[in-house]
Structure formats: C-alpha cells, structure tokens
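S.K.: Given next are the chains, with one letter for each unit.
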Amino acid sequence: EPEVTQTPSHQVTQMGQEVILRCVPISNHLYFYWYRQILGQKVEFLVSFYNNEISEKSEIFDDQFSVERPDGSNFTLKIRSTKLEDSAMYFCASRQNTDTQYFGPGTRLTVL
Amino acid sequence: AQSVTQLGSHVSVSEGALVLLRCNYSSSVPPYLFWYVQYPNQGLQLLLKYTSAATLVKGINGFEAEFKKSETSFHLTKPSAHMSDAAEYFCAVSERNRDDKIIFGKGTRLHILP
Chain A
1 EPEVTQTPSH QVTQMGQEVI LRCVPISNHL YFYWYRQILG QKVEFLVSFY
51 NNEISEKSEI FDDQFSVERP DGSNFTLKIR STKLEDSAMY FCASRQNTDT
101 QYFGPGTRLT VL
Chain B
1 AQSVTQLGSH VSVSEGALVL LRCNYSSSVP PYLFWYVQYP NQGLQLLLKY
51 TSAATLVKGI NGFEAEFKKS ETSFHLTKPS AHMSDAAEYF CAVSERNRDD
101 KIIFGKGTRL HILP
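The listed protein sequences derive, respectively, from chains A and B.
Using my numbering, the first residue of the first sequence is number 1, and each one after it goes up by one.
Using my numbering, the first residue of the second sequence is number 1, and each one after it goes up by one.
It should be emphasised that the hints constitute simulated quantities derived from the structure, not laboratory data.
Just so it is clear, CB atoms sit at the ideal spot from N, CA and C, and this is done for glycine as well.
The reader is advised that the hints may include incorrect statements.
[Unchecked claim] Counterexamples of contact, computed for chain A against chain B with all Cβ distances above 12 Å: (1) Gln14; (2) Gly16; (3) Asn28; (4) Arg69; (5) Pro70; (6) Thr76; (7) Lys78; (8) Leu84; (9) Arg95; (10) Thr110; (11) Leu112.
[Claimed, not checked] In silico BS3-like cross-links for lysine-lysine, where the CA-CA straight-line distance does not exceed 30 Å: (12) Lys83(A) / Lys57(A); (13) Lys42(A) / Lys68(B); (14) Lys42(A) / Lys83(A); (15) Lys42(A) / Lys57(A); (16) Lys106(B) / Lys57(A); (17) Lys69(B) / Lys58(B); (18) Lys106(B) / Lys58(B); (19) Lys68(B) / Lys78(A); (20) Lys58(B) / Lys68(B); (21) Lys69(B) / Lys42(A); (22) Lys57(A) / Lys69(B); (23) Lys106(B) / Lys42(A); (24) Lys106(B) / Lys78(A); (25) Lys69(B) / Lys106(B); (26) Lys78(A) / Lys42(A); (27) Lys106(B) / Lys68(B); (28) Lys83(A) / Lys58(B); (29) Lys57(A) / Lys78(A).
Taking the hints into account, I'd like the entire structure generated from these sequences.
M.R.: What follows is the structure, given as structure tokens:
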C-alpha cells in the first residue's frame, strides 16, 4: 500500500540554524499538508499546499517557515532560523481528491 | 470555526472490557469526522472516518464510532479491549468540500489494564 514517507526521522540542530524537513507524498495525491506536535500536546495544522501554492496557513506558520514542492515527488518544509520552541514532531500529510489525509511517520526536530 | 473536545486525557480499561472514548465537535458546516491512533514513537494512523454516509462507522482493529448530530458527538467504542490497543487516540474534524486543514482534539491516552 502506498504511504507517505519523511526524512530524516530525527533532526538535531542548533538554535538559529536552518533546517529542511523532507516528505514524499503518495504519488497521485494533489493536496499536501504539514502539521506539528509539540511533545505532550495536540497535533496542530501548519500549512496546506495545492497547485504549487499555499492554500491556507496557520498563525504558527510565520515568515520563518516556507514550503516547496521542488519536483514532482518531494514536499519540503524549511525553517529559516530555528528557535527552541520549534522543537516538535513534524508530520507531512497528503490526499487525493477524497477527504482522507494520509500521514507520514513524522520527523522529530530537536533544537538545542 | 471548528473545534474538537475530547473528554478525558487518560482512560484506563481492563483487558476485555468496553472501550469508550468521548469526542464532541463544533462546526458551522457539515463536518468530516475522524479518529486517528498514535502508537508510541509512531505517526498517525487513520482508524475510521465519517463523511456523511452511514452514521455508524466501522474502522480497523474492531473500533467503531457513531455520528450523532443532535449531540454533536462522535464517540469511539470497541466492545473488548486488547493490550495492543494501548495508544493515544485523536478525534479530528475538517470541513466538507474544502481542501481544508484537520483540527485535532488534545488526544486521549488509552491504558489497558491486565
């Protein structure tokens, strides 16, 4: 069964550094999402992406964040200058034209 | 705006007993409703979803949920708990007919007692 994949599984970075989290959505999916889950808290929406542009973003998704679909398979989340509070599990999700979003296994980001 | 309230951040049941995890939602438009499960150190797995067909929805691993519009509820049940059901369960809502975000509840951690 096709699945969403994410790399790396764990990323450790120093505060102020840039990180890029990578996702490979399911191949025929059209809508892409990033969510994050701070340890012990609920999963929060960050951004949705369709037709090569952002459809919606949350207030968390400030100017430090950006998303890109650089080719036909990858979907990336970039954090330009990481802060301690960016430490979280980041989930990528994708869906086709249906209602179901399929989630990847997540990337745990630790900012020191 | 949409929101989800899960009653009880922790629920403990004995193995073999009924599992009931409560979820109430708020939505100004007809919603899609979901239950996701997260096992320790893993991602989110869809258990089941309601999208306007039958109000009683059956999912994987013996779980089911009933959509009750009058009560704005979507409680998750399983007749007989198994040790492998120990996990975090998230109720979630999204708007129909939009490429919209999913709004998650805070989650309920299910503990299974031997």
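S.K.: The structure should be examined with respect to each hint, and the outcome stated for every one.
M.R.: Outcome of the hint check:
1. For Gln14(A), the shortest C-beta to C-beta distance to chain B comes to about 24 Å, beyond the 12 Å cut-off, and the non-interface label holds.
2. The beta carbon of Gly16(A) sits about 28 Å from the closest Cβ of chain B, which is more than 12 Å, so the claim that it is off the interface holds.
3. Every CB of chain B lies more than 12 Å from the CB of Asn28(A), the least distance being 15 Å, so the non-interface label holds.
4. Listed as outside the interface, Arg69(A) is consistent with that label: its C-beta sits roughly 15 Å from the nearest C-beta of chain B, beyond the 12 Å cut-off.
5. Look at Pro70(A): its CB is around 21 Å from the nearest CB on chain B, clear of 12 Å, so calling it non-interface holds up.
6. Distance check for Thr76(A) against chain B: the nearest CB is about 18 Å away, which clears 12 Å, and the non-interface claim stands.
7. Non-interface status of Lys78(A) relative to chain B is upheld: no Cβ of that chain comes within 12 Å, the nearest being about 20 Å off.
8. For Leu84(A), the requirement that its beta carbon stay farther than 12 Å from each beta carbon of chain B is met, with the minimum near 22 Å.
9. Distance check for Arg95(A) against chain B: the nearest CB is about 8 Å away, which does not clear 12 Å, and the non-interface claim fails.
10. With a closest Cβ-Cβ approach of about 14 Å to chain B, Thr110(A) is found to remain outside the 12 Å limit, as its non-interface label requires.
11. Leu112(A), annotated as away from the interface, keeps every beta carbon of chain B farther than 12 Å; the closest lies near 20 Å.
12. As the CA atoms of Lys83(A) and Lys57(A) are separated by approximately 19 Å, the hinted pair is consistent with the 30 Å bound.
13. Distance check on the hinted pair: Lys42(A) and Lys68(B) sit about 24 Å apart at the alpha-carbon level, within 30 Å; holds.
14. Distance restraint check for Lys42(A) and Lys83(A): the Cα-Cα separation of roughly 19 Å lies within the 30 Å cut-off, and the hinted pair is therefore satisfied.
15. A distance of roughly 17 Å separates the Cα atoms of Lys42(A) and Lys57(A); the hinted pair therefore holds under the 30 Å criterion.
16. Proposed proximity of Lys106(B) and Lys57(A) is supported: the alpha carbons are some 20 Å apart, at most 30 Å.
17. Between Lys69(B) and Lys58(B), the direct Cα distance comes to roughly 17 Å. Compliance with the 30 Å bound is thereby established for this hinted pair.
18. About 22 Å separates the Cα atoms of Lys106(B) and Lys58(B), which keeps this hinted pair within 30 Å; it holds.
19. For the given pair, Lys68(B) sits about 41 Å from Lys78(A) by alpha-carbon distance, which is inconsistent with the 30 Å threshold.
20. Distance check on the hinted pair: Lys58(B) and Lys68(B) sit about 15 Å apart at the alpha-carbon level, within 30 Å; holds.
21. Our distance criterion of 30 Å between C-alpha atoms is met by Lys69(B) and Lys42(A), whose separation comes to about 24 Å.
22. Taking the CA atoms of Lys57(A) and Lys69(B), the gap is near 29 Å; set against the 30 Å cutoff, the hint holds.
23. Straight-line distance between C-alpha atoms of Lys106(B) and Lys42(A) comes to about 5 Å, which keeps the hinted pair within the 30 Å bound.
24. For the suggested pair Lys106(B) and Lys78(A), the alpha carbons sit about 26 Å apart, so the restraint of at most 30 Å is met.
25. Restraint check for Lys69(B) and Lys106(B): satisfied, since their Cα atoms lie roughly 21 Å apart, inside the 30 Å limit.
26. Taking the CA atoms of Lys78(A) and Lys42(A), the gap is near 21 Å; set against the 30 Å cutoff, the hint holds.
27. Distance check on the hinted pair: Lys106(B) and Lys68(B) sit about 20 Å apart at the alpha-carbon level, within 30 Å; holds.
28. A C-alpha spacing of about 42 Å is found between Lys83(A) and Lys58(B), which places the hinted pair above 30 Å, so the restraint is violated.
29. Straight-line distance between C-alpha atoms of Lys57(A) and Lys78(A) comes to about 14 Å, which keeps the hinted pair within the 30 Å bound.
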